[in-house]
Amino acid sequence: MKLVIWFVMAVAAAYGQGLDPAALLRPPTDTWPTYNGDYSGRRFSPLKQINRDNAASLTLAWAYQAHTVTIKSTPLEVNGTLYFTVPDNVWAIDARTGRQIWHYRYESHGGDHIGHRGVAMYGDWLYFTTPDCHLVSLNAKDGSARWNIELADVKLGYFSTMAPLVIRNHVITGVSGDVTDIPGFLDAIDPETGKRQWRWYTRPSPGEPGAETWPKEGDAMSHGGGMTWMTGTYDPDLNLLYWGIGNPNPVLAGAGRLGENLYTCSIVALNPDSGKLVWSFQPSPHDVHDWDAVQTPVVFDAEFHGAKRKLLAQASRNGYFFVLDRTNGKNLLTKPFIETNWASGIDNLGRPVGKPSKDPSPDGALVEPGSDGSTNWMSPSFDSLTGLFYVSARRIFSEFYLTAEGKAEGWGGRDRNIWANSVLEAIDYQTGDIRWRHELGRGEGVAGIMTTAGGVLFTADNSGNLVALDALDGRTLWHAGAGGRTENCPMSYELDGRQYVVMAANDVLFAWALPEKY
Amino acid sequence: MDRGQKLFVQSCGFCHGNDATGSRAPDLIRSTSVNHDENGNTVGPIIRSGRPDKGMPGFPLSDAQIADIAAFLHSRVLAALNSASVEGDYPLQKLLTGNAAAGKAFFEGAGGCTGCHSSTGDFAGIGGKYQPIVLQSRILYPGGARSSVTVTPPSGKHVTGTLVHIDEFIVALRDDSGWYHSWPRAQVEAKVSDPLEAHRKLLYVYTDANIHDLFAYLEGLK
Numbered sequence: 013m014k015l016v017i018w019f020v021m022a023v024a025a026a027y028g029q030g031l032d033p034a035a036l037l038r039p040p041t042d043t044w045p046t047y048n049g050d051y052s053g054r055r056f057s058p059l060k061q062i063n064r065d066n067a068a069s070l071t072l073a074w075a076y077q078a079h080t081v082t083i084k085s086t087p088l089e090v091n092g093t094l095y096f097t098v099p100d101n102v103w104a105i106d107a108r109t110g111r112q113i114w115h116y117r118y119e120s121h122g123g124d125h126i127g128h129r130g131v132a133m134y135g136d137w138l139y140f141t142t143p144d145c146h147l148v149s150l151n152a153k154d155g156s157a158r159w160n161i162e163l164a165d166v167k168l169g170y171f172s173t174m175a176p177l178v179i180r181n182h183v184i185t186g187v188s189g190d191v192t193d194i195p196g197f198l199d200a201i202d203p204e205t206g207k208r209q210w211r212w213y214t215r216p217s218p219g220e221p222g223a224e225t226w227p228k229e230g231d232a233m234s235h236g237g238g239m240t241w242m243t244g245t246y247d248p249d250l251n252l253l254y255w256g257i258g259n260p261n262p263v264l265a266g267a268g269r270l271g272e273n274l275y276t277c278s279i280v281a282l283n284p285d286s287g288k289l290v291w292s293f294q295p296s297p298h299d300v301h302d303w304d305a306v307q308t309p310v311v312f313d314a315e316f317h318g319a320k321r322k323l324l325a326q327a328s329r330n331g332y333f334f335v336l337d338r339t340n341g342k343n344l345l346t347k348p349f350i351e352t353n354w355a356s357g358i359d360n361l362g363r364p365v366g367k368p369s370k371d372p373s374p375d376g377a378l379v380e381p382g383s384d385g386s387t388n389w390m391s392p393s394f395d396s397l398t399g400l401f402y403v404s405a406r407r408i409f410s411e412f413y414l415t416a417e418g419k420a421e422g423w424g425g426r427d428r429n430i431w432a433n434s435v436l437e438a439i440d441y442q443t444g445d446i447r448w449r450h451e452l453g454r455g456e457g458v459a460g461i462m463t464t465a466g467g468v469l470f471t472a473d474n475s476g477n478l479v480a481l482d483a484l485d486g487r488t489l490w491h492a493g494a495g496g497r498t499e500n501c502p503m504s505y506e507l508d509g510r511q512y513v514v515m516a517a518n519d520v521l522f523a524w525a526l527p528e529k530y
Numbered sequence: 067m068d069r070g071q072k073l074f075v076q077s078c079g080f081c082h083g084n085d086a087t088g089s090r091a092p093d094l095i096r097s098t099s100v101n102h103d104e105n106g107n108t109v110g111p112i113i114r115s116g117r118p119d120k121g122m123p124g125f126p127l128s129d130a131q132i133a134d135i136a137a138f139l140h141s142r143v144l145a146a147l148n149s150a151s152v153e154g155d156y157p158l159q160k161l162l163t164g165n166a167a168a169g170k171a172f173f174e175g176a177g178g179c180t181g182c183h184s185s186t187g188d189f190a191g192i193g194g195k196y197q198p199i200v201l202q203s204r205i206l207y208p209g210g211a212r213s214s215v216t217v218t219p220p221s222g223k224h225v226t227g228t229l230v231h232i233d234e235f236i237v238a239l240r241d242d243s244g245w246y247h248s249w250p251r252a253q254v255e256a257k258v259s260d261p262l263e264a265h266r267k268l269l270y271v272y273t274d275a276n277i278h279d280l281f282a283y284l285e286g287l288k
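Protein chains in written order, with our numbering: chain A, 13 to 530; chain B, 67 to 288.
Since the hints were derived computationally from the structure, they do not count as laboratory data.
Warning: the hint list may mix true and false statements.
Computed footprint of chain B on chain A; a stretch qualifies when at least three of its residues, placed anywhere within it, have a C-beta under 8 Å from a C-beta of chain B [stated by the list, open to error]: (1) 184–194; (2) 269–277; (3) 376–382; (4) 407–415.
Positions of the beta carbon are idealized from the N, C-alpha and C atoms, including for glycine.
Between the sequences and the hints, there should be enough to build the whole structure, so can you do that?
As structure tokens, then:
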């Protein structure tokens with residue numbers, strides 16, 4: 013114990029108000045130091061001051077009006093300060109009061125401003141990706157920029173929206189591209205100098221294993237997409253980095269890229285020190301529906317049919333729930349978590365097999381889900397106390413059209429949304445059975461989920477209500493009409509003995525807590 | 067741009083493909099030089115000097131000709147960027163793959179469409195009312211139809227009106243005289259009648275052939 017106290021004091025001395033990467037190895041209590049709260053991606057807070065018996069009395073602690081576009085980022089909380097973003101903007105606000113400490117504005121030169129997920133932190137420094145595909149290091153003290161590097165060429169269609177992941181002295185950073193036929197990659201950047209340590213392209217090089225999943229002739233593989241949109245997860249014991257990879261390009265037109273198109277629409281395990289691929293699993297081989305596999309690859313250890321296993325689970329955009337052995341990527345379970353109409357079965361590797369009749373066609377094919385997916389980037393959550401995996405699921409029908417004639421470029425087609433509604437689902441990770449459902453209303457919900465040791469699940473419905481549900485059975489414990497749409501993911505921290513839960517609606521951050529008498 | 071296309075086909079198409087998507091030489095829509103180009107400032111020098119190391123000869127073209135070729139290439143890049151478009155001008159002939167007679171049979175039979183619609187009533191001339199792709203979308207799910215709702219408070223005196231909002235916590239309606247009312251869901255009975263329910267049920271039933279047949283039938287009702 014003495015040793016632990018000494019260590020914590022040494023870290024505090026070394027990093028001032030900043031964050032030592034070692035904090036990333038602890039459960040998120042007084043600190044929420046990374047996009048998902050910790051490396052596991054479980055979005056599970058061990059805090060239990062707010063619990064299923066008292067959640068009905070939650071009250072507003074403060075609100076911060078950012079006067080900007082919709083907040084889609086998850087704030088970090090480090091030493092009493094929250095750091096959150098929208099494209100081109102970072103704020104530091106007081107986690108006790110919601111008062112602004114500083115606001116940084118970046119001037120981007122072009123690029124896609126579709127959304128932003130948040131920052132990463134290492135020591136006294138923040139790492140912020142930009143619409144013109146740069147990575148900026150900011151001083152957490154005052155928001156001043158220290159360095160700014162280009163990750164990729166914005167004029168080719170690259171941009172970045174993701175919150176990087178810090179592993180020791182690696183800032184793992186991904187990129188996005190939505191239309192143009194460019195190759196995706198993952199970079200490890202030196203946190204001090206901004207120099208690149210390694211780059212892993214999400215496609216093999218000619219002659220490497222996996223290259224046989226692309227046409228031999230032409231440029232399909234070298235321009236095949238596979239973006240690294242979202243923050244990955246990490247297992248410190250195995251020293252494996254897990255990342256979900258985006259869809260192939262051209263997006264809806266597959267004729268020019270026959271084959272499985274590795275490592276698009278895959279979950280991959282990399283060595284974070286070398287960027288070398290260790291294993292991969294592909295939820296959507298040869299995707300033609302924009303169903304990337306960038307949803308959080310959630311890491312947990314649990315019993316699986318009687319044996320203690322190191323597991324990785326993903327509720328994927330294509331509507332299927334996957335459980336893998338994360339030591340080797342072997343599939344343990346594949347099961348749809350919502351109705352879908354595009355697959356004829358599951359192959360011997362655990363991958364759904366697409367029906368050719370549900371590929372986009374010039375006269376239209378009715379597919380469930382649509383390109384927006386049965387779920388998407390919003391965080392799922394795994395609660396080891398209930399043994400349930402929670403996902404924001406959508407029933408989306410969409411008509412898919414193939415427009416490409418000749419060699420396809422870009423999307424090569426599009427779908428038109430027909431109808432959608434949303435439901436929060438609690439999945440038994442051992443069977444894939446849905447233990448309970450909680451309807452969220454018409455349209456496509458995009459609010460993330462957090463569970464807590466208090467037995468409370470936080471999310472939002474499609475009608476502007478922030479909600480707290482009982483993680484055991486999905487019954488509603490509390491709600492608040494927030495007057496806007498929630499497009500970020502809940503997070504929680506404890507300060508001065510009080511637990512706060514922070515969620516956004518539109519451009520306002522709300523912090524909820526029990527009344528002060530608690 | 068048309069001038070540029072002609073020039074491109076003459077001088078470049080043999081290797082880069084007449085549509086610039088590549089053949090023996092690279093796809094230019096995906097080219098860094100083209101994507102950085104402004105009025106020929108990066109592609110011009112390459113066209114004039116060639117790339118001898120890669121077997122590309124130079125072409126002695128004028129500034130105006132280079133600008134025309136650059137304009138054509140930029141139009142090809144733009145077409146790729148806009149390739150996700152399936153808007154109102156989507157061509158009818160691509161959609162007309164179904165059998166109108168089978169569509170009529172589905173409309174009057176298995177589809178159950180005549181429960182609400184009639185080819186001589188509300189659907190008379192429907193094929194001329196909407197752009198083809200909009201008609202196909204609306205066959206599957208037409209927006210805009212309002213649900214009605216009857217709310218019964220504990221007092222027992224029910225109110226019927228047009229549904230304005232319903233979620234887990236609140237139900238709201240506009241009554242026949244135009245006034246808005248809302249109630250906590252927990253304190254009232256709310257019975258919603260949604261005219262589009264049959265459309266949602268069909269989404270789980272349709273084959274793609276049903277959809278294309280139905281479209282061919284309704285598109286023909288001019």
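For each hint, the structure was consulted:
Under a criterion of three residues with beta carbons nearer than 8 Å to beta carbons of chain B, the stated coverage of the region 184–194 of chain A is upheld, 4 such residues being counted. For the region 269–277 of chain A, the assignment as covered by chain B is violated, since 0 residues bring a beta-carbon within under 8 Å of that chain's beta-carbons and 3 are needed. Given a C-beta distance limit of less than 8 Å, the hint that chain B covers the region 376–382 of chain A holds, as 4 residues qualify and 3 suffice. For the region 407–415 of chain A, the assignment as covered by chain B holds, since 4 residues bring a beta-carbon within under 8 Å of that chain's beta-carbons and 3 suffice.
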